[in-house]
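Q: Residue-level listing of the chains:
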Amino acid sequence: MNESINFSLIYSEIFLLTAICCIMLVDLFQRDRERKLTFTLTQLTLVTLIILGFNQLNMPLAIGFYQHWILDTLATTLKIAIYIMTFIALLYARPFISHRNLMRGEYYLLTLFSVLGMMIMVSSNSFLLVYLGLELLSLSLYALVALQRDSKLASESAVKYFVMGGLASGFILYGVSLIYGATGSIIISEVSQFYSQNPSNLISQFGMVFIVIGLAFKFGAVPFHMWLPDVYHGSPSSITAYISSVPKIAVFGIAVRILMVAFGQSIGDWSGLILIVALLSIIVGNVVAVVQSNLKRMLGYSAIAHIGYFLLGLVPATDASFSAAMFYIIVYALMTLAGFGIVIFMSVAEKDYQNVSDLRGLGRYHPWYGLMFTVVMISMAGIPPFIGFWPKLEIFRQLVLNGYVFEAVIAIAFSVVGLFYYLKVVKEMFFSEVEESPEITESRSLKVALSFNCILLVLIGLMPDSIYDYCLTAFNIIS
Amino acid sequence: MIEKLPLLSLSIWLPVLTGVLMLFVTGQKHKKTSHWIALIGAAATFAISLLLLSEFDSSSYYIQFIEDKVWLKSLDIHYALGIDGFSLPLIVLTSLMTLIVVISSWNNIKFRATHYLAGFLIMGGLMNGVFAATDSILFYVFWEAMLVPMFLIIGIWGGANRVYASLKFFIYTFFGSVFLLIALIYLAKQADSFDIFNMQQMVIDLEAQKLIFFAFLIAFAVKIPMWPVHTWLPDAHVQAPTGGSVILAAIMLKMGTYGFIRFMLPIVPDASMAYAGMMIVLSLIAIAYIGFVALAQEDMKKLVAYSSIAHMGFVTLGLFISFALLKQQQVDAAVMGIQGALVQTISHGFISGALFLCIGVLYDRMHSRNIADYGGVVNTMPKFAMFFMLFAMANAGLPGTSGFVGEFFVIIASLQVSFWIAIIAGLTLVLAAAYTLWMYKRVIFGDIANDKVASLNDLNGRELSVLIILALLVLFFGLYPSPLLEIMQPSVEHFIDCNLVSKLTPEGMCS
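If you're matching them up, the sequences are chains V and G in order. Residue numbers for the first sequence follow my numbering, beginning at 1 and rising by one. Residue numbers for the second sequence follow my numbering, beginning at 1 and rising by one.
Derived from the structure by calculation, the hints contain no laboratory data. Each residue gets a CB set at the ideal place from its N, CA and C atoms; glycine is no exception. Please note that the accuracy of each hint is not assured.
What the hints assert, rightly or not - Partner residues aside, some chain V positions facing chain G, computed with beta carbon under 7 Å:
#1 Ile378
#2 Val400
#3 Leu401
#4 Phe420
#5 Phe431
#6 Asp465
As the list claims (entries may be wrong) - Not close to chain V: a few residues of chain G, all C-beta gaps over 10 Å, as computed:
#7 Ile63
#8 Asn499
#9 Thr505
Work out the full structure, taking the sequences as your base and the hints as a guide.
A: Rendered as structure tokens:
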């Protein structure tokens, strides 16, 4: 069974690839400047994928393609999360790109290609597929960032993203080659077996460190975070919303496969590394975010801090803590989408309003959106009953259960710093008195989508089990 | 019929839902309607709390009106509610104060009055939740969620320096509560449940108790607030709109006390015993030093804010003096200390709320809180002067008012421990009289200070009705405190017998 080439394991991927080709052809013959058909087909593809995903959800674990491919509940759950988030991101993107000479077929195609890359990542059972998926994702993202050719900022951030991303991929590849040298295999489960027989092998440990660094690069964790604020700042806002949220879920997928499965026998080797990176991210991210006046940069640094909290969930390296981390990363993606949704919301015809101070007076003139954005900010700060609180609670609970009380105290103390800059946004929206209303988007679909996203943050906050159960099922904690 | 209704849930969610409903009402057209909706919502909540009061069996210490549903299965968090003699008076107080705030801000909020009232209703419901929750995470959720409406109320409707005050308020209290969260998680790990009463019946060694003690202390001391973490309170009070100040003083500070009684003392009694001396000293500093600080204030709201800190010092003194008394086996005196603290908690709710309302009455007319801008108000507002006099006297602890009962109990209890503690505590009764009455003299008596004062109108019917209610309560509990004491009595005795026993060994714990 493991050796077989079983196409039923990859029919979602086949479907997506076919759909991409069709959409590409359709787009070629389209004269509509608004690309309505391309957009509709793309979203339909994603909806179909969501349905396919839910169909696959309860299938038993299956490995195929000479052990390179794995399809388990974890992979399927992560894929569904990826589809849904991409769907939301594209909804947000539409009004934004139509004003900015970005409304091209490539936008949708590249997004779909990156989705394909992520699907490969989360389903890979070998280092080779991890790398292939990662590159497919990264190359699509580089191109997406560079799509706005006439913008200096966007080109600069595309180059930065490309160079840093390439470096990270190089790290991972080098690590993989060292591990292959030591173990003679690139299949993750075989590497794991090797570890159980040779617990301390210097070469493969060396390789593992490189892989951890590469992953930290991709997550944007301190001290490998330098690219992140610049890229988030420079990219067109709709693309920032996408690259800051969805790919993290996929990177989490490969982090699980590599750290928990491949290096599952030598947890002590990597959990210390992750712990340091996580705490540094929390501290640096939160502190530096305080002084940012640009909303996108602020959200960028806050993303670094969030990644820190998420990484803390990996540190105890139990199934429960991994599912807590999964819960965190999915909720993080949902909140980040809403956060950058605000930036898109503030972008009207060709003008970008990106500073925190541009939100001044929003709450006074548009109380509904003011309230919604307050929900986003408070949720990011981790105040109950909004959704941001629950994964934090779960991460801290896992830390305390596994004896990391002191680390939990540091992390939670810095969330107070985090609260400050989130509240600064609320302050601008509600507390400052201004003469005239800030400009907001005219797109009704964006307004509805964003309100829906924000209401979701409240509703899931009241019933966090609705997401968390999936995460627990993915790690076989509950069935 | 009534027994079947989930009264506690109603007391939480009725105001919250009314408030959320009102958020959707915008525009000036529906202003009157929304005011009436708010009034009906608040009145219904108060009626529910009265129902609770009448149905409550005050002869037992058992948790009553229990509701328990699994909320989050994966985390074993329950939606568990229940009240005993400690929480019932606080819920009634909360509902009453919310109603009073709704009535008193009927006309004097110009900017988005609907949302202002909605904020108070939501907050009122959430505060009821804090007092009713018996699951620690549910408690924490209410405890934190309640900060958000208060933050917005201070920030949107507050005075000139509101941004600073609101941020300080939020961050200060959040800083306290994050440690609470870690402590709760740790305790839940030990107890294998988030249920507060399971946590109370658990063996914890002294080292762990001490750490948990400090986590609780940071959380609750900020809220009370105790010296030296009190500095957010004067800022928040001065900048908050009248209603915000009333709720802040009357209810929010009480959550600190409630936290002490519900969490800190019963869960870590040995650490509390070990640090009782420190806590008594901190309380005395709050009582004496803050009293002097209050004396020097130029701003009426600030003065009442500092006097709140000083009066809350009596509450913490009463709670921790009982440990010293238990050490000496003086159980009766310990009961008295705790009862004194609780009575003081409730009575301070009435008095400080009433004082802030009085200042609000003046502020609505003069737009100034400076004592120096006033003088001779009695000539133009004689009715107001009478009520203000009563509340000022109550604040000074005059016998016959509710302010006297609690302080008297606490001082009597501390006299059993040390003459000097009683002296220092008693000294502040003089101080309280000094700063309150001096303020009263400067504002109310004397010749008419300026033209503005000369043109003041006396209380209108709405203001009068609110102040009459509070005045009656202050007098009633001053002359006849036993209904309040009777509700608390079984809980306090159970508290001393079962909860304050050593948690180092399983011996002596009540099951």
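Q: Flag every earlier hint the structure violates by its number, smallest first.
A: none
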